[in-house]
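Listed below, chain by chain, are the residues.
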Amino acid sequence: MKSRSISKTTRSNFITYGIVIAAYLIMQALIAADQVSSLLNGLLVPLCIYVIMAVSLNLTVGILGELSLGHAGFMCVGAFTSSLFSLCMEETLTSSMIRFPIAILIGAAAAAVMGLIVGIPVLRLKGDYLAIVTLAFGEIIKNVVNVIYLGRDASGFHFSMESTLALNMDETGTVLIKGAQGITGTPKDSTFTIGVVMVLITLIIVLNLIHSRTGRAVMAIRDNRIAAESIGINVTKYKLLAFTISAALAGVAGALYSHNLSSLAATQKNFGYNQSIMFLVYVVLGGIGNIRGSIIATVVLTLLPELLRSMDSYRMLIYAIVLIVMMLVNWSPAIIDFRKRHSLKNLLGKAARKEAR
Amino acid sequence: MKRMISLGMAAVLAVSMTACSSGNSAEETTAAAETTAAAGDAAETEAAGDDAAETEAAAGGTIKIGGIGPISGGTAIYGQAVMNGAQIAVDEINAAGGINGMTIEYQFEDDENDTTIAVNAYNSLKDWGMQILMGTVTSLPCVAVAAESANDNMFQLTPSGSAVECIQNDNAFRVCFSDPNQGAASAQYIGEHGLATKVAVIYDSSDVYSSGIYEKFAQEAANQGIEVTAAEAFTADSKTDFTVQLQKCKDSGAELVFLPIYYSEAALILTQADSMGFDTQFFGCDGLDGLLSVENFDTALAEGVMLLTPFAADAEDELTQSFVSKYEETYGGTPNQFAADAYDAIYAIKAAAEQAGITSDMSVSDICEAMKTAMTEITIDGLTGTGMTWTADGEPSKEPKAVMIENGAYTAM
Amino acid sequence: MSFVSYLINGISLGSVYALIALGYTMVYGIAKMLNFAHGDVIMIGAYTVFVTVTNLGLPPAAGILLAIVVCTVLGVVIERVAYKPLRMASPLAVLITAIGVSYLLQNVALLIFGANTKSFTSVVGVPALKLAGGQLSISGETIVTILTCIVIMIALTAFIHKTKAGQAMLAVSEDKGAAQLMGINVNGTIALTFAIGSALAAVAGVLLCSAYPSLTPYTGSMPGIKAFVAAVFGGIGSIPGAFIGGLLLGVIENLSKAYISSEMADAIVFGVLIVVLLVRPTGLLGKKMSEKV
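Protein chains in written order, with numbering that gives the first Met the number 0: chain A, 0 to 356; chain B, 0 to 412; chain C, 0 to 292.
Extracted from the complex, chain A is given alone in its bound form:
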């Protein structure tokens, strides 16, 4: 009995990896055959980024059971730190194959530290209060990043929170972070292959965590904190662990994000609460706690507005309607019940039963 249940989860995990690898191979084959439009080609890296964001947020929302509305903030931290590193080391480390993995690690580490800083106070709260505090932290990160000025000249780094003038650099100085104008000129190191590798690593980390002793402890806390505590689970430790891992993975996505475009600035659109909510949409639509669902929902919802481009000004309107309808179809108890009764399996089963009679 036991061995069977383990093999079932393992099988499910391998299906998830398989889907990602198959999607990668198919896309590579299509690219090789020149069958992929530029639009889809350009979407591949963002897709990987959003998948990582959704999967890592699912760790917080689905597995840890806490609603986070500030996930984009961690992505922001990862994006800026990794981008800064690449910008500084571009001349010393010319090979992107060495520089980029280090940049990703730095992004992840910085986001993890931020996750720890945010997590310690936040995880004491519950429910909607926790959600609003994560939102607050996300907005603070975005706001602070917008007033940072950082430059480098012969005498080292200069930092200011006012303007580039206040940096007081000599003529050799270059401004690295320019307040609201952010960072420009990050090397374009993100590729689809690296993106997929990062997606796989994220999946391996998250899926293994879920099915490990730690993961079961985290889920025990989610299902009943007091009961978990009473059997000796260190609630704070496990909560922080899951939250920090989730933040670190968001940092990885941030690094991919900042190395995919040549301009990086913290705006409402990319690192604001709206974006955090968008990641939450991916998670909830795909099924809370369902990792494979998150991946599929992310891909569908990222492609949808692009596919609707022919609708011109009706694009976002249709997107909103589709989102509502998908939510109703996926979550409404009445509709789920209806689908159960009329599912293919059920109908086939009925037919089979009739024949048997």
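For the record, the hints were derived by calculation from the structure and aren't laboratory data.
Cβ coordinates follow ideal geometry from the N, Cα and C atoms, glycine included.
One or more of the hints may lead you astray.
[To be verified] Computed far set for chain C versus chain A, every beta-carbon distance over 10 Å: (1) I7; (2) Q134; (3) V150; (4) M152; (5) D174; (6) N184; (7) G187; (8) L191; (9) A194; (10) F227.
[Stated by the list, open to error] Not everything, but these chain C residues come out facing chain A in the computed CB check (under 10 Å): (11) A92; (12) T96; (13) I98; (14) N106; (15) F112; (16) F232; (17) F269; (18) T281.
[Unchecked claim] Covered stretches of chain A, as calculated for chain C (at least 3 residues, CB under 8 Å): (19) 69-80; (20) 117-128; (21) 143-155; (22) 281-289; (23) 331-338.
Given chain A, work out where chains B and C should sit, using these hints.
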């Protein structure tokens, strides 16, 4: 059950993927079919005059110009202006026989003022067969797209991307002034005309345009003997209440308040300054243009506001008047500086393409090479300036006009 | 003297947040859902007044009445179509649907009214109150907004505690299942909650745009989020909490702009919120929840 859902979604995904990759080829076929139909069957009389002109022009083939900008989201106002302004120019040119006999095909894509979506829009236009890019509207997405267009060696002319980095590659040009240029020009104007020696600034610290101008202004102000008494910021997240910023400007004893911001916020600032009895000189840049066209705005509040703008919707010249009336007729509302920049951008493309002798069968890269040289050779009399020329680094040379709002209209100073 | 004037400005801003927060907290308290579309209902209310008063030339009173009717109907329809089918599903699912509704309303407004900013004519006829020899002034909008807040607060509290429908709301918020068993029409009660919440949104929209007269399809979203923060600040679900939370938020925002840094004001506001919630995890006036195993 979960599996059913995932299966269903996977199916949707598969379908959308196919649609995504095959969509472009389908579109291309239609476009090609249209061209052949138009070119081959010139005898088949078309009823409308416009169509007839198009058919004639199609003898030289078509040229595909793509546009990118935010037409949804909080900055939709600017993207829509560019989309519409350019459309007017395209219609005029096509009606008059096109560029070198080529009909312009014009397609505008939404970027929601986001870098990632802007690149998606760019790729989507590439699939459509874009040969020349007129965009993007806002600075941050523009920098991101510029990197892509440089990579493809596609000619890019941004109507309003004003950050320095927008045109750092040699394939990119712009119609508007650069941010530092405007900041310096404003400080010089205030200094040289002795408008004030104590200046306060209210700017949007979360916006590239606004913070870019402010920074250069502060730098140049020192050279002009202007003292910046207060520099108050607001952000995209808190732009309803400006009373604190205004109060601090007032308390700092400023004789003039510099507003390097867009007109929607400026309208609020003026209203709030009025209700708190803060009567001072306001001075702005091209972002302030459009202030008078805010629907239902009490223009008496804007009385005496000065701005440096290349475009004034109520200018007397024939070009502006015909553009404004066409815009009002087709889209309703008065066009702002963004629409004018876009209109000029299309005409600049036309002039450069004619100069370079672009034909519709040239590759994107060849067009870009030819256009790059031609851009530096042309001179345009447009809505945003007469005798506009471009340097190889992509900057336009034109004079900003200082205007003052008097009796609800711009008056040249 | 400037401190007092910053304070007054903060109260003006805060009173608008408070008014919006009342609607948020009302819906949250009863239906236990974060209605992210609340800010956009506010925007629809403001547009309704704009169209009737400015475009059609009707008196402001007619505009406000019409806005209340439109928003109430809209609120009930949204509840019926988008939220009710998910009543038994995870609260997160409803949250996401609310975001969908928010996008929908914004884009409908964008298509109908366009992206251009419209300048809203204040519907408040009350003159500004001049104090200290004209050095300080409290605008008519602020006075009306605060009075409206207080009236709404008292009316809501009275309604909930004194009427049968209000008692039904309390019962539904405590325990839906038990309320149903007691013969309370749960669906009807929740629909009524949305009707009242949306009517409040209409009033808030009118006063928001009277005080800060700039109207775009995105006008409601940021004040909506701020008001949500205010509601949490005061203890979400608590009616006086929303009022106090709103006022405090406005004052903190303006004072930090004035005395610390105008660039960092957002960060400071959110920082204060975090500190308050860490000290009082259910907000200023929130009910302490006992934990059950």
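**Report entry** Supplied contact hint for C/T281, tested at 10 Å Cβ to chain A
**Finding:** holds (7 Å)
Query raised in the report: Are all beta-carbon distances from C/L191 to chain A longer than 10 Å?
Result: holds (22 Å)
**Report entry** Coverage of the region 143-155 of chain A by chain C (three or more Cβ within 8 Å)
**Finding:** Holds: 3 residues of the region 143-155 of chain A have a Cβ under 8 Å from chain C.
Query - Hint status (Cβ of C/T96 to nearest Cβ of chain A, threshold 10 Å) - result: holds (5 Å)
**Report entry** C/Q134 and chain A, when compared Cβ to Cβ, separated by more than 10 Å
**Finding:** Correct as stated: the minimum Cβ-Cβ distance to chain A is 31 Å, above 10 Å.
Query raised in the report: When the nearest CB of chain A is found for C/I98, is that gap smaller than 10 Å?
Result: holds (6 Å)
Requested in this report: Using 10 Å as the Cβ threshold, decide whether C/A92 counts as touching chain A.
Outcome: Holds, about 4 Å.
Query raised in the report: Taking the closest Cβ pair, is C/F232 under 10 Å from chain A?
Result: holds (9 Å)
Query raised in the report: Are 3 or more residues of the region 69-80 of chain A near chain C, judged by a Cβ distance of less than 8 Å?
Result: violated (count 0)
Query - Within 8 Å of chain C's CB atoms, at least three CB atoms from the region 331-338 of chain A: coverage verdict - result: Per the Cβ count (4), the hint holds.
**Report entry** Least C-beta distance from C/V150 to chain A larger than 10 Å
**Finding:** Consistent with the label, C/V150 stays out of reach of chain A, its closest Cβ about 28 Å off (over 10 Å).
Query raised in the report: Per the stated criterion, does the least C-beta distance between C/I7 and chain A lie above 10 Å, as a non-interface residue requires?
Result: holds (25 Å)
Hint violations for this structure: numbers 10, 15, 19, all remaining hints satisfied.
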